[in-house]
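Please take these sequences and the hints and turn them into a complete structure.
First to last, the protein sequences are chains A and B. Counting from 4, one number per residue, gives the positions in the first sequence under the working numbering. Counting from 2, one number per residue, gives the positions in the second sequence under the working numbering.
Because the hints were derived from the structure by calculation, they are not lab data. Watch out, some of these pointers could steer you wrong.
Only part of the chain B face toward chain A is listed, based on derived beta-carbon distances under 10 Å [to be verified]:
id: 1; residue: D173
id: 2; residue: A199
id: 3; residue: D203
id: 4; residue: L220
id: 5; residue: P221
id: 6; residue: A233
id: 7; residue: K238
FRET-style restraints, in silico, Cβ to Cβ [to be verified]:
id: 8; chain 1: A; residue 1: E162; chain 2: B; residue 2: P112; range: 38 to 46 Å
id: 9; chain 1: B; residue 1: A273; chain 2: A; residue 2: K190; range: 52 to 60 Å
id: 10; chain 1: B; residue 1: V29; chain 2: A; residue 2: V161; range: 25 to 33 Å
id: 11; chain 1: A; residue 1: A191; chain 2: B; residue 2: A248; range: 20 to 28 Å
id: 12; chain 1: A; residue 1: R15; chain 2: B; residue 2: A75; range: 50 to 58 Å
id: 13; chain 1: B; residue 1: G283; chain 2: A; residue 2: G186; range: 51 to 59 Å
Keep in mind the model is a prediction, meaning the values are calculated, not measured. For every residue, glycine included, the Cβ atom is placed at its ideal position computed from N, Cα and C.
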Amino acid sequence: MSTVLALPSKGRLKEQSIEALQKAGFPIVQADGGRTYRGAVDGHPDIEVSFLSASEISRELAAGTVDVGITGEDLIRENLADPDSQVEIRVRLGFGHADVVVAVPDVWFDVDTMTDLDDVAAEFRQRHGRRLRIATKYWRLTQRFFSGMHGIQVYRIVESLGATEGAPAAGSADVIVDITSTGSTLKANHLKILSDGVILKSEAVLAVANRQRPKSDQGKLDALVKSVGNAI
Amino acid sequence: METRFSGTAGEIARFLERRATEPVNIPVLQPADPFLDMAGEDLRSRIFLTESETGDSLCLRPEFTIPVCRDHIAKNAQTPRRYGYLGEVFRQRREGGTGFLQAGIEDLGDPDLAAGDARSIADAHALLRHVLPHGQLQVVLGDQAVFDAVLEALGLPRGWQQKLARAFGTSDQLETALAELARPQNPAGQTGAVGKLATSGDQTSLERHIAGAMEQAGLPLTAGRSASEIAARMIEKQRLSETRLSADALEALRAFLAIRVPLKQASKTLMAFAADTGLDLGQRLDGFETRVREVGKHAGLVDDIVYDGAFGRALDYYTGLVFEIAVEGSERPLIGGGRYDRLLTMLGSDMDIPGVGFSVWLDRVDKLAGDA
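The structure is reproduced here in structure tokens:
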């Protein structure tokens, strides 16, 4: 059996992943000069490399079609129903940093914390005839944070697959849950992060699918994980 | 009404008929928005959602109360009305089955709230008595209105009353809210020009300032929170920044939440509580006492009921009575019910229509009936 290693198929994340593996002694060779989504590791014929979207990597790890992969922790926590039992995050790679945050219009001068937002949400329907709307593509993380951690029940999620920061100004949502690395896009859109509104401090991680595999495969996998861990 | 089910379902269908309820047919596939709007997004992961070809969000009915009320509104039906239902509801679970049989009665539009409450408990009690003749029934009764009355009598700021009222029924959330209010409040963020205006309490200038900032940020001035709403809340926060929940108030609240007595003694206990804490609950307990009297008119009911000061349901359409019925030895309640006077207007009714009802988990009943 060969081990399937999944890497992000594009952008900075792809470059940095390949770089991290190179440093660990696992040089990635992409077939056909980078035009296909398959690859190999020089000197490790039993590792198959598959280039997928970062989101897909998290799902395929859970499904078990990928043994080990590099993707964002945010995607693992968002896409998987039970991330801690489905995959194991073995190495935090120190790149791809991004926080998943709750942000509100910065003119909401009275709202600094989740407790404030709870007050606002509770009265929203009475004042405006509808529930408070949150634009996000992270509905699972949002729901766990709002309902699970802060006991806020009454709000509606408006699914937003892009340009989420624009939703409050467009009037399609009141607040947002989104990813930010520098905060500059939020600022440009007149949004502020709540002081206790960081849902997750995410970065790129090397994650392994939790499942039984032959001893020799597991050994090779562990060796890969160890080398990557030592190299960063 | 669906009566193709086994177990006690047939018995219960006949029981509902005898109790003069009108059978109501609720389609299995329902628009999802009313459920998510009323119960919150938390429900999303527990219901079966799907989408119509035109993009509408649909779900398998997760319960009956909301669709029964929507059906009533859509038919523009006369009140009072007693609807009975029996059928499957669907919930996502990691383990075990996902379809559950539920039956229940929703009583809409009876203006006599105390009598309606008592009748709903009596219906639920009689239903279980009928299908489980040998079990010892235990009814737990709670009342949001009594808790609200205590908060009001304590003279807490309105915002605090609301915060505590909405945590009512969820003990750890209530604990968190109490702990938070017992700490000095934090006026963080109220600095700079806006902070100064908030401190001065000049609502008009503050509002103007905020409206200007909103315009600059390109926020729609009509779609969401208004400048006046933000200004008012800032001033309120400022005003409360140096106060905190007093030790006396905290102690009184804890004493109240610890009350758990047979319903027959509840009024006396509440009066003793009022006297001990020096709270003037006055007429605020009248509704409670009237309900106890109404319950007394149903034979063999009152002795099975316990009043629990802390028992409630953290949903904003529940307004007063909540109850659960279990059989001694059953892990989970077999019946849950309560009064939801705010639900029908929230679902779009032009008229205020009071409502009270309950539903019974037939699978749990059948399991006990089978064991007996």
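Now for the hints, and whether the structure bears them out:
| no. | hint | in the structure |
| --- | --- | --- |
| 1 | D173 | holds (8 Å) |
| 2 | A199 | holds (8 Å) |
| 3 | D203 | violated (14 Å) |
| 4 | L220 | holds (6 Å) |
| 5 | P221 | holds (4 Å) |
| 6 | A233 | holds (9 Å) |
| 7 | K238 | holds (6 Å) |
| 8 | E162/A <-> P112/B: 38 to 46 Å | holds (42 Å) |
| 9 | A273/B <-> K190/A: 52 to 60 Å | holds (58 Å) |
| 10 | V29/B <-> V161/A: 25 to 33 Å | holds (27 Å) |
| 11 | A191/A <-> A248/B: 20 to 28 Å | violated (47 Å) |
| 12 | R15/A <-> A75/B: 50 to 58 Å | holds (53 Å) |
| 13 | G283/B <-> G186/A: 51 to 59 Å | holds (53 Å) |
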